[in-house]
Amino acid sequence: FQKQGLGKYLVEQGLKIAQAEQVEKVSMKFFEDNAAMTKLATAFGFEMAAKDGVVTATKAF
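In terms of the working numbering, the sequence shown opens at residue 14 and continues consecutively.
What the hints contain is simulated information worked out from the structure, not anything from laboratory work.
One or more hints might be untrue.
[Claimed, not checked] No more than 35 Å apart at the CA atoms, straight line, and that leaves these computed lysine-lysine pairs for DSBU-like:
id, residue 1, residue 2
1, Lys29, Lys52
2, Lys38, Lys21
3, Lys16, Lys52
4, Lys52, Lys72
5, Lys42, Lys72
6, Lys16, Lys38
Just so it is clear, the structure is predicted and the values come from calculations on it, not from any experiment.
Start from the sequences, fold in the hints, and give me the full structure.
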């Protein structure tokens with residue numbers, strides 16, 4: 014399923030649900046070498062911090 018937009022779709026839907034449920038903050042984790050997820054997190058305005066090869070991306074509403 015790579016390069017078919019599934020990750021983007023899942024992030025979009027997750028953010029829509031979080032906003033509808035009035036969630037204050039969401040986060041996701043992925044490996045630091047995952048360039049596609051880094052690009053996606055950046056595009057959606059997540060703040061990122063890496064530790065031990067794992068990125069924690071956080072977005073507050």
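*asked:* For each hint given before, does the structure comply? Return the numbers of the non-compliant ones in rising order.
replied: none
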